[in-house]
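In this text, residue positions in the sequence shown follow my numbering: the first is 22, and each later residue adds one.
Derived by calculation from the structure, the hints in this document are not laboratory data.
Wrong hints could be hidden among the right ones.
Said to hold, decoys possible - Here are the simulated EDC-like cross-link-like pairs (lysine to aspartate or glutamate), alpha carbons at most 16 Å apart as the crow flies:
hint, residue 1, residue 2
1, K134, D113
2, K156, D129
3, K93, D109
4, K119, D109
5, K90, D109
6, K134, D109
7, K134, D145
8, K156, D174
Since the model is a prediction, treat every value here as computed from it, not as a measurement.
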Amino acid sequence: MRTLDEVRALARAGQWSERGAAVLLVGFRSQPGNARQFRTNTAESRAGHVPPLAAVTADGETFVLPLAKREKSPYEELFFVGRVMTADLALDDPSVSKSHAAFQREGDVWHVKDARSRNGTYVDGRRLEPGERVKIVSGAQITFGAIATYFLDPAHILRVAMEL
Numbered sequence: 022m023r024t025l026d027e028v029r030a031l032a033r034a035g036q037w038s039e040r041g042a043a044v045l046l047v048g049f050r051s052q053p054g055n056a057r058q059f060r061t062n063t064a065e066s067r068a069g070h071v072p073p074l075a076a077v078t079a080d081g082e083t084f085v086l087p088l089a090k091r092e093k094s095p096y097e098e099l100f101f102v103g104r105v106m107t108a109d110l111a112l113d114d115p116s117v118s119k120s121h122a123a124f125q126r127e128g129d130v131w132h133v134k135d136a137r138s139r140n141g142t143y144v145d146g147r148r149l150e151p152g153e154r155v156k157i158v159s160g161a162q163i164t165f166g167a168i169a170t171y172f173l174d175p176a177h178i179l180r181v182a183m184e185l
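Can you build the whole structure from these sequences, using the hints too?
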């Protein structure tokens, strides 16, 4: 896990090693000088109080989490998000289900599927039905329980890193 400032420095030096991986941005600041993991409040407001992507990318303390398979993951085509440490992307938060959601890439197209999570998966403010799978585009806001993130494809994260 790296901060967005670290990714910027690597990208500018031509050393960003995860060029092929899409990423999630998480860990947005709540107030200047007060960095903390960004959390939404209640189920009703989960998708409504997330800073815009431009504000998030201007914050060097935002974390960049590549969507990469863990070494012994049993499902080659799925990237699991959940609270357990065996998930491809583990989010240690009580609002995140053990097996919360999964990403899947088909060529250049990405999808996210809610894994019948208790607190829901939201895409751009809309709660997915349990088990629902939807296409996502770069810049989409995806919320797992109370953890808000932004999905960026490899070209988009490099563009963001180079712009600021």
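The hints, checked one at a time:
A threshold of 16 Å between alpha carbons decides the hint, and for K134 with D113 the separation of about 19 Å lies outside it, so the pair is violated. At roughly 11 Å between alpha-carbon atoms, K156 and D129 fall within 16 Å of each other, so this suggested pair holds. Only pairs whose Cα atoms come within 16 Å are accepted, and K93 paired with D109 is accepted, the gap being roughly 9 Å. For the hint pairing K119 with D109, the CA-to-CA distance comes to about 12 Å; that is within 16 Å, so the pair holds.
With a C-alpha separation of about 5 Å, the suggested pairing of K90 with D109 holds against the 16 Å cut-off. For a cut-off of 16 Å, the pair hint linking K134 to D109 stands: about 14 Å separates their Cα positions. Restraint check: the Cα-Cα separation between K134 and D145 comes to about 14 Å, which is no more than 16 Å; the hinted pair holds. Proximity of K156 to D174 is assessed by CA-CA distance (about 13 Å); at most 16 Å being required, the pair is judged to hold.
Comparing the model with each numbered hint stated earlier shows that hint 1 is the single one that does not hold.
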